[in-house]
Each structure stands twice: as C-alpha cells, then as structure tokens.
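Visitor: Listed below are the residues making up each chain.
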Amino acid sequence: MKKVLLLAALAAGATGTAFAQASDTIAKAKATGSVTMGVRESSGALSYTLGDGKYAGFHVEICQRILAELEKQVGRKLDVKYQAVTSQNRIPLVQNGTVDIECGSTTNNAARAKDVGFLNTTYVEEVRIAVKANSGINSIAQLNGKTVATTTGTTSVQHLRKHERANGVDFKEVFGKDHADSFLMLESGRADAFVMDGSILAGNIANAKNPADFKIVGEVINVEPIAIMIRKDDAGLKKLGNDVIAGLIKSGEMNKLWDKWFLQPIPPKNIKIGLALSESTKAAWANPNDKPMEDYAKK
Amino acid sequence: MAWKWQVFCKETTTGETVTGCFGRGGDETYLNWIVSAWGWTLTVSLLALVVALVAGLAIGTIRTLPDRPWVVRFGNAWVELFRNIPLLVQIFLWYFVIPGIFPVMRDVPSIVLVVMALGMFTSARIAEQVRAGIQALPRGQRYAGLALGLSTWQTYRYVLLPMALRIIIPPMTSESMNIMKNSSVAFAVSITELTFFAMQSGEETAAPVEMYLAVTVLYALSAFVINRIMAFIESRTRVPGFVAAGGMAGGH
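So the sequence lines, in the order shown, correspond to chains A and B. Residues in the first sequence are numbered consecutively from 1, following the numbering used here. Residues in the second sequence are numbered consecutively from 1001, following the numbering used here.
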C-alpha cells in the first residue's frame, strides 16, 4: 500500500513539473527530447497531408526551419511529432500542451490572442470572389440578387454578412459543409460566386476539371494575417521563431519558399496553385509584426 | 475552464454586447440566431417526419398485401434503396446529382430537398416497422376480417392497421427522435440549423465549447419533447387488454 502511495506521489510530482514547463517549449524540448507540430490535413499550400502521416506546405516548411533552430539551441536530437488539428480543436490543443507549435492556417485575431500566442505574420490572406469565367461578374456590387456560396465555420461567412449590411447589397447565401462542397456549388450552378480565402479559391480552381472556366475577381473583401500559433507566454519560442522568420525574410529565402509552394507545381498531384505574392503579404514581410486582424481593418 | 456564456449577448456583425441579449431593429445577437437555428431544426425535422410517416405507412402496408407480388417487390425495393445508402450521401444526391440529371429540380429550394431526403431515408425504416407490426398480428385477424365480408382495403382499415400501429408506437418513438437528431446533416446543404450555427458561431466567437453545449441541450430537449408526445399518444390509444401496459404482462 505504501508503495502505491509513493508511486502516486511521484506521478503527481512528475505531472507537476510537466505543468511548470507547459508554457516553455524550449525547456520542455530539452527535458523530453520531443516536440509536437500541429498541422492541417488540407489548408491549401500552407499545410496539407501527403498521406501516410507526412505533411508538407509553406507553413510546415517554415516550422521545420524553426524546429531545426530549436534543436540547435536545445543541443540534442529532437523527435518531431506531427499532430493533425482542425479548426475546432487547434486552440484547445495548443493551450493544453498537446501541440507545441501549430503550423496550419490560423488567423491571428484579438479573440484568439487572449488564449494563445502568435509568431510574426508570415502570410496575409485576402478574401476574394471566385466566379465562372463567363459570368460577367467583376465586383461585389454585381453580386446583387445573386447566390453566393461560402463554407460553414469560416470567417468569410461573417465578412459576407457585414458587407451585406454595410453596403445594402442583397444576395442569397448558401453554405457548403467544406470547401470542396462550396466549390461544387459554384461548379454545378447552385451558386454564382464562391467567396473565400484567395489561396483556397486558387487551389480549388487549380484542381478543377477545367481551371480556365473559373477566375478570381473583384475587390479584396477582407485581409487576415495568418500566423504560426504557439502557447501564450512562451516567450522563448516566440523570440526564436520570430528570429528565424526575420532571417528567412532578410536572406530572401521567404520569397523562394513562396515561389516553391505557390508558383511551382507541388506534390502530390504536381499542380500549380498559381497565386502571386500579394501586396499585403509583402508589406507584412517588410515590417514583421504580430498584429491581429482587427488592426488591419482599421487602416 | 472559464465559461464565456455572455457571447450569446453579442451582436453578430459588430461583436458588441447588447443589453437584454436580444437584438432589436434588425440587430441580431447570437441568442437571436440560435433561436432561429432551432426553428430551422424543428421545421426540417417535423416536415421530414410527416413525409416519413406518410410514405413509410404506405410502403410498409403494401409490402404485406396478399397476391400482389409486384407491389410487394416495389415496396421491398424502396426499403432497400433508401436504407442502404448513408443519409449524408442521400442528401448530396438530392442536392447535386438529381438537379444535374433533371434541370427542373434546379430551382427547388434546398429545404424541400432536405425534407425529401430525410423523409425518404426515414420512411424506409418506418416501412419496415409497419410491415413487422402487421405481420406480428395473428393470421386469424386477417381471416376474420375477410370472413365478415370486408374487402382487403376494409380489413386493413378497420382491423389490421389499428392494431399494428398501436404495437409499433415504441419503435416509432425512437424513429421520430432519430429524425430530430438526423436533421443535423441538413447543414451540409446550407440549411442554417443548429449544427450550422454551432460550427459557424464557434468560429466567430472563439467560444465553440459554449456553442456546442447550448446546441446539445436544444437537440436533447427537442428529442425528449417528441418522446413525451409519443408516450402521451401511446397511453391515449392503448386498448385495455390488448397491448399490455408495462411490458411484461403479455401482448395482444
């Protein structure tokens, strides 16, 4: 009986230290020799699976650079584990320590910044409109009386609603359960336009049966800073990550990474996304910052 | 964890907290929204239940008709078709595939398509229960009806169906509750019901746990109300001495 108590006490002690280290990834990596990277199954060229537990993408590659630097600082070989996350579970998983660094497609906004930390913005997403090439639609104003598709559980739904109220544009909204369904609505004629993050639109068009049938048009509906997510108060990892990002920008390697993931054919299908580097992303690289989405809207 | 229930008082476009939690003059709070989403859930479920009961009763009955092999085969085919395809796939068939084949279906509102999909899916299950209920009756009841000079239609109307429908109320209760829960797939074809609300508002407010909990309570509450209504119907339609109350005392 005493042995059991002793074991219980030891276990409690061990978890206690684990909690103490919970928000310090560098110390945790030093102690455990492993680090967990949160990735997405299908967040366009930012983070996606190649199948068989392998993940790739623009953000995944930046994270791999950061973890390589972390390995140097820790001074021991690190076992990098990949953990697939979803929109619904990514924040809790980062908060509770299951995931140390999330390399998906998470928008940095004020509400999230209360719960988690963000590295400097590496990618600025522009919400755009995709239409059929022969539809004659070129702007938001022309969506009046049309049917607009977007995906359930995305911020685009909110932007559409705001635009509808602010500009008095009256359109009917339909919601796909995921991006593939929303795109199918556009393709099958259920919707006249698909409003979503530019990279997702470009990716869906690139994968369509006939990419020339679709085009991305109109003004930028919203810009959202997308950043790599870490635990709040993890100052060590934040500094390390931001230094790596600054280094990539300075050496021009960030441009090369963009070229590799967005302009060249990428695995597994060797299809080109074909999304040019936007002005907003260039601006974020020129002045590295971790401003949330709300600060972009004020401009 | 700290609960953030006050998100329900926030306006959905500006994010400002509204006093009294219900938006006025075109303003909509998350509380307004969840109420309207609940309305959509109830609308879809109840309409689909009507479709399911009407179709299920008809198909289940014709599957027991004597000397009508082709009608019986049609009934069997109906049941096998609608119960062997997953509900989500059926919804997409109604939404994308059928309008692709028949262009006239393109302008049909998605709520009609969802009600048809959910209703047909459930009708197969109800038809099976109706058939089981009729076949559970002693053969003598059918013969007695015919011996009295009733036509087949009259035998069903006055003898078989009133008995069979009473027997199958308990499984029908489950089915009615299932339709409420299955209506959650309607979000897949842009019905803004409770599951849609939970996914969307969770993303917007960064409080997905609160949103899912609220939605869970509403689903459970709705299904339980259906359960109570069915229990009431069961107790009011009971024929003393036939379907035993309490279960253990032997049946019809």
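No lab work stands behind these hints: they were computed from the structure. Quick caveat: nothing in here was measured; it's all calculated off a predicted structure. We put the beta carbon where it would ideally sit given N, CA and C, even for glycine. Heads up, a few of these hints could be off.
To be verified - Distance ranges between label pairs, derived from CB positions:
no. : chain 1 : residue 1 : chain 2 : residue 2 : range
1   : B       : LEU1093   : A       : THR32     : 46 to 56 Å
2   : A       : ASP115    : B       : ASN1084   : 40 to 50 Å
3   : A       : ASP295    : B       : THR1019   : 20 to 30 Å
4   : B       : ALA1231   : A       : PRO92     : 35 to 45 Å
5   : B       : THR1216   : A       : GLN73     : 37 to 47 Å
As the list claims (entries may be wrong) - DSSO-like cross-link-like pairs, simulated, lysine-lysine; straight-line CA separation at most 30 Å:
no. : chain 1 : residue 1 : chain 2 : residue 2
6   : B       : LYS1004   : A       : LYS114
7   : A       : LYS238    : B       : LYS1181
8   : A       : LYS232    : A       : LYS172
9   : B       : LYS1004   : A       : LYS232
10  : A       : LYS162    : A       : LYS172
11  : A       : LYS232    : A       : LYS77
12  : A       : LYS269    : A       : LYS54
13  : B       : LYS1004   : A       : LYS260
14  : B       : LYS1004   : A       : LYS209
15  : A       : LYS239    : A       : LYS114
16  : A       : LYS291    : B       : LYS1004
Visitor: Compare the structure with the hints numbered earlier in the document and write down the numbers of the violated ones, lowest to highest.
Guide: The structure breaks hints 7, 8, 13, 14; every other hint is satisfied.
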